[in-house]
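Work the whole structure out from these sequences, hints included.
As you go down the protein sequences, you meet chains A and B in turn. For the first sequence, this note's numbering assigns the number 1150 to the initial residue and increments by one for each residue that follows. For the second sequence, this note's numbering assigns the number 31 to the initial residue and increments by one for each residue that follows.
It should be emphasised that the hints constitute simulated quantities derived from the structure, not laboratory data. Zero decoy hints are in this set.
Derived DMTMM-like pairs: lysine to aspartate or glutamate, alpha-carbon spacing no greater than 25 Å straight-line:
| # | chain 1 | residue 1 | chain 2 | residue 2 |
| --- | --- | --- | --- | --- |
| 1 | B | Lys86 | A | Glu1178 |
| 2 | A | Lys1195 | B | Asp72 |
| 3 | A | Lys1283 | A | Glu1599 |
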Amino acid sequence: MSQASTQGHLPPRWASRFLEWYCDPYLLEDLQGDLLEIFYRTTSDKGPRRASWQYTWLVLRSFRWSALRKNSKLKNNIIMNSGQHFKVAVRVLWRDKFNTMLNTLGLTIGIVCFVLMGLYVTQEVTFDHFHTKKDRIYRAWLLEDYGEGKIFFNSNTPVRFENLFEENFPEFEEVVQYHLRNFPVSRNQQDVISEPVAVISPEFFEVFDFDLIHGNVTEPLSGRYDLIISRAYAEKYFGDEDPIGKTLQLQFDEDVTPFTITAVLDDIPQSSSIKFDLAISNVLNRELMGERALTAWMMVGPETYVLMKDQTSIETVNAKSQDVVMSYLGEEMNRDEYNIGFQPLTDIHLNPEIPAGIAPVSNPVYVYVLGIIGLLVLFIACINYTTLSIGQSIKRSREVGMRKILGAAKRTLIFQYLSESVLVALVSMLVGGLLAVLLIPTFNRLTGTELVYVFEMWHLAIFFLIALCIGTLAGIYPAIILTSTKALAIMRSGSNSRGKHWVRKVMVTFQFVITVLLISSALIMQKQIRFLQDKDLGFEYQAFVSVPLFSSSESGRTTERIASARANGALLKPKIEAHPQVSSITMASHAFGTPGWAALSFTDDKGIFRTFSMLAVDAEYLSAFDIGIVEGRDFEKGSGLDERQSILLNETAVDYFGFENPIGKKLPGDNFGEHRIIGVVKDFHFSSLHQEIAPLVITQNVLPMFLGISDAEVKDSMIPKLLFKFTGSQLSQVQEILTEAWESTFPNRNLEYTFLDENVARQYENEARLNKLIGVATVISILIAAIGLLGLTVLVVNSREKEIGIRKVIGASPFQIFHLLARTFSWQLILGVVLSIPLTVWLMQQWLEDFAYRVGIGVDMFALSTFISFFVALVVIGFQAWKAAVVNPVKSLRTE
Amino acid sequence: MKRESIGELEELVLLTVGALINEAYAVAILDELHQQANRLIDVTAVHSVLRRLEKKGLVSSEMKGATQERGGRRKRYFLLTQAGRQVLEESMAVRMELYQKLPKLTFSVS
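This is the structure:
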């Protein structure tokens, strides 16, 4: 062994110190010698890093709990004495009930907030993590990039990917597809309900850990018409009966097909991106999607999931996927135009860079923001404890001095005081944790989250550990302050441990900064959301009802299906229209409040790639929604020419296509069918206010438009909806009117309807939820800050009791006394407000950038939040200060 | 006095202590076990076995010989005691006796 190569390296210091701490001195020397010898040997053989690991491991391996008991250094020490410490702590806490109550209350509230936010963040972050093979499961995406902005990025993939992957990538152990589609479902042909039904590969359960609990659990989809049902749905359709072997009717187009239930699936957990209650086999794809879909490269539908074989890497697949694509599409496409990629299963829920597939994706920023808020609120609760305890230290310095004189070591004293804060934290954790779990339903209702908490025994350990951390964090500073004073100094001069006042002030200020920050942010978000909800969108939508129509055949060309649905609408329309409380009835391919309107693209005569949204309506549309005409005219009712070929543009589209004088012109593409622009409508916000208004073409006949385009992206179904305004006052009547009209027209179909104003509001659901969550945190932080302030005021009043008495004797008025006391905290509060402003502005600007239309941050909200914080502070301080100010000075001066 | 019974690893370590004569300290025992018996055990296991053997009175120990490579720390050298030797001999006798009874293998394997 060469000395030179090893001398520079030493084993980790903490490991050595730990060893020295626990090890019996009799055994220490040779054990440590041996470990060192091995360490040096490994260093020269395998490098210092490896040696350090090995050393640490051996130190930990050598540790025996029994060694601790025999260890003489530990006798009369922390662990042995913890029982004693806690007993004393209980007595001390009991003695000062008011402070203990404030401390516990503050911490409890903080913990409730922390636990709730923590559970929410945990649920979001561990989404889809319950699959045992999660690290090997990937979802495919498809990115088509034909240059000039012609980019199509989807997590829904072509049907043929399943075979494509199986044939070309031996790295995949399994390839499965999952699609969710709505079909009318009934048990006995009478109560037909449209239900989402998963269409999955028969090997689906080899990849994912969804538990089949009953029936044929090994090959549940071996038959063509086999059906898997969830436990909840089994109950819904069959009650207590055994569902296995029973049938449910599913309706594809006009054909009703009986499916046999072969297996029952345990209900899928909330934290799963893949969620379904009914599942059928994708061998039916030909019937469901049509022949063309099976081999098409551009038609996307199902999500494709792959399970990697052990010891293979997705990189090898990525490296050759383009070659595989070229071997099929080489003649039609250039390299890198058609790209296939893979995303880990656990990444799906929180990765906004890859488009959402079937399940919506959460915004990771919101999750992190909430996590940080939870931590901050907990932190200010800890600060509360700290500042209050430092305040208390004045009272307790004599106690410390006495203990020191009697021979207590500093370390013992610190542990004594820590045991107090840990005890408070444990109690708070117990109460707060229970409270948080009990509050989950309220929390969900209030904020619109879907939090589910399932308790497991090991969580107790986590909660215990968190409580220990909180207790230590909150108590360590006062404990050090309290015990570091010189015993003699304390005993001689009574109380002078006020030296570290600035730390307390900084902490109080910091607490104010966070509280004011939260108040201002909540207010600004509130303002933006109110702005979104109240903004004039350019059309009427209050009290409008949307009824999705259906096409009599699910297959066939889009134009045929639209025509069929429109014919159905025409049957329904007169029956609804006849009702006196219904007005403004019309039909349109898309309804407000639903994203994903048809976006059509073509290359115009100058070679520029153009994309516009299209809305197919009837002649009454504009008047029904009160959308203004800027130029030209509206569709004329009953005019065959208008029905065939007239189109309207919105103002944005006129600018976009560069028309000077659009009336009578055509769209600048060669292949469009016969059409003519007859008018320009005022811009209206047909998509959510996150986006700018897009160019829009309104037409009655979609065919001429379809002829001229090269690409279409339609997320919302183009099958027409019947829209009407309900002018009555009882919303429940809508149900009656609709049911009556619908059942007499389409007895076998399930009626669905929504209210447009609800749909429009739902577009801002995420923002509204975040606002509510922050609102909850704000209220909690105000409470905590108020409690802290209350405690501090009481302390200050108590410590200045004599001073106040003397001042009063000299002739100070109660108001002057009040002023004196209120001043103590006012500059900290002002500083808090001032410091919070730039932080808030910065944070809120980030948030507001998500919106194309937004409010200015403005001074008003800051004025309001400043007012709120001062008001709360004044109320809290005021009461105590006033009480002190009006007390008879004789009382405070007589003692002693 | 109750007769001490020892386990397989204990017996192996005891033998090694005996075999190394005056050089038996933990790391040397570890190496010897690795070379002779091809057993890879970590040093903490050797330590606890040695401790047990010492408690049972089968080995005795003594601290000496500080070297630079151990950060100047002395080694604990182990020696086989009389009792230890006896235990080893008894266990060997038992083994030999049983081994003798094993039917002799012939080279009739074709």
